[in-house]
Amino acid sequence: MSETFAIPQIKQVQVKQAQPNLQFLRVIPGILLLAAIGYAGKLLEQNVGKYAKSHHWIFPNIEYVLWAILLGLAISNTVGVPAIFRAGVATYEFWLKVGIVLLGARFLLGDVLKLGGVSLALVAIEITGAIAFMTLLGRLFHLKPKLTTLLAVGSAVCGVSAIIATQGAIDADEEDSSFAIAAILALGALALFTFPLIGHALHLSDHAYGLWAGLAVDNTAEATAAGALYSDAAGKLAVLAKTTRNAMIGFVVLAYAIYWASQGQAKTVKNKVAFLWQKFPKFVLGFLLISVLATYHFFSKDQVTALANLSRWAFLLTFAGVGLRTNFREMRKQGLRPFAVGAIGEVVIAVFTLGLVIGAQKIWGW
Amino acid sequence: MTTTDATLDKKSAKSFTAKFSWDTWAVLAAFIAALLIRFGVVKHIPW
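For the record, the sequence lines run as chains D and X. To convert, note that position 269 of the first sequence is 269 in the working numbering; the numbers rise steadily by one, no gaps. Here the working numbering = 1-based position in the second sequence + 1000.
Derived from the structure by calculation, the hints contain no laboratory data. Beta carbons: idealized from backbone N, C-alpha and C, even for Gly. Don't take each hint at face value.
[To be verified] Simulated restraints on C-beta separations:
{"no.": "1", "chain 1": "X", "residue 1": "Ile1032", "chain 2": "D", "residue 2": "Asp302", "range": "13 to 21 Å"}
{"no.": "2", "chain 1": "X", "residue 1": "Pro1046", "chain 2": "D", "residue 2": "His55", "range": "23 to 31 Å"}
{"no.": "3", "chain 1": "D", "residue 1": "Arg26", "chain 2": "X", "residue 2": "Ile1032", "range": "35 to 43 Å"}
The shape of chain X in the complex, shown without the other chains (with noise of 0.2 Å):
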């Protein structure tokens, strides 16, 4: 792999996370945990 592949590589991986702000991270986690209790997968969380 030359030094430009490389640097290609790394700037499209950089740039399909970049898509997604904390924002979107932080509503993408918060959704999947839904659905996992929704579901049923997690059950119980305790306080």
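So here's chain D without its partners, still in its complex pose (with noise of 0.2 Å):
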């Protein structure tokens, strides 16, 4: 009944997911899971704390993100997600897009320009540096070239979405995906865990911590729980730097797939502009859109805060939906190699995004 929930299933049910059609009663169950489940964390995060301070218990203040995470990761390698709820889990990338709109209503435009303009910047030496990276870890680790690539492009771009968009351009086989996801997956559910220590450990300001994880961490789920997870100021920063990070997402397939072409194993690009813009990741300009209309007072204080509230309980989905869909025991049979240069790669570029961070911190006095 309870089968689990492996990384080949994920990718069948995110092919299924791009061809959205009127059957959608299917999702109906599993987004009602991630709604029982994220609120679950938010009734966690009230009342346990409550009731250890009524017992005298000395017990760490768990904010709902993380309780929606553990929630999910706790069924996931339980008893597993049943086929029931995969197709409504599998939407929880639908309401990461939708927060991510919405939250566009609480930054003016000055602020996205300046702090994107920033982004931006290190944004181009963090792709540079971790291509440059990966691709030399990939041949060190004698991993297979199209699989390397996958890599590259998941941990310098923007993890999953960014591996199933080169894929296609690329023409990598299934498996090599497979790995390359599995492999950003399981590190992504690290980062969740370590990155917010990392951060309290070193002082790190909301601002720079929140442009660090929105730098470093591969999955756009993952670098908003786990900005979500230091401050709302860090989250709001880690969505804003990880949407500059996918803005990106289209060239650099471009890239590959004009590179892969030229060595005769990949389809030639014939009209780029329109590759382009099917690579774009169209939540950007809905970002981009909403914050303007904020800027120019096109919705009342209440109104930010009510479109605020409401990108909140579409990220409790997401949050849910990130500890439902990994699974530690499916991510281990996917192999060693592809996880190693991965884990190697991940932690080289989260020094070397700290160490932008933190030179940029001094530069600009957050």
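Join these two chains into a complex; the hints should help.
Quick look at the structure:
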């Protein structure tokens, strides 16, 4: 009955996701599960602390973000996600994007341009460094060249979406993309627990930490969660930095598509502008447009608060989904070498981006 | 309706929805929600 939520199954669901149809009823059980877990996380945040305090226990204040992820992880790694819920659970990416677009209301255009400009400069350095380093590591570990490309794109730009986009563009094997996705997801799950600890240990400001999480954590859902685990302000910054990174996806995938086509191992890209538009994440435009509307007072103060709250609810479903789709047993089955390359690469990228952020912090005095 | 007609109907329905990615649907959903809030259809979202 309760089969595990394996990586290849995730991919199948994502392929089906690309063709939304009127049979939306099949996603309802999974969405209800996401909502139930997310809301349970919220209730636990409110009540566990109170209960511990009333019994004079020393218990850390655990945010709803972590509760939702932990509850999802507990289900996924014990009883598994039953088939009836899977289509709905896979919609967590949809809720993530809805949440990001609505979050745009909390950014004034000037802030987006200022912070986005800083992010863009750091993202350009991060992408160049990450791709160069991951390519070198792939060669050292004798990984297949296309698997190395997928890992490089996944860790440099934006995790699973970038890997799926690149797989199609460079005609990579399904198996290679499964390996790369498994490595990126496993490392993203680790980042959720390690990044906030490191941030607190180094006394990073919300601004610096948010930027770091957005630059170094690969998957958008995990980057958003890692930011929100630190603070609300850090969560906002993490989303902005990650969105800037996501905006680069088309250019990186196009560059790789041209390279592999020149090697005679992928189809030639005929219309580069159409290719870029097809790969460009549209939610980035939605985020910017809402931000423009908020800047020109299209929304009142109360309405901005309502939009921000709606964004939080959307993220709540996302965080539950992050836990539910992470199955460590299935990830282990994908093999050690891609994971080792990903892990070494991620550690180096995390240290490198931390250095970049601390440097930028000193220059701009956040 | 012949099998071919049914297949064509299915294909045209699929091609209409497949024109938009989940990404685009998410943007549309967010904007509909934003407009409902802006024009007072939804007045308050609790947290």
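Now the hints, each set against the structure:
no. : hint                              : verdict
1   : X/Ile1032 to D/Asp302: 13 to 21 Å : 19 Å, holds
2   : X/Pro1046 to D/His55: 23 to 31 Å  : 29 Å, holds
3   : D/Arg26 to X/Ile1032: 35 to 43 Å  : 22 Å, violated
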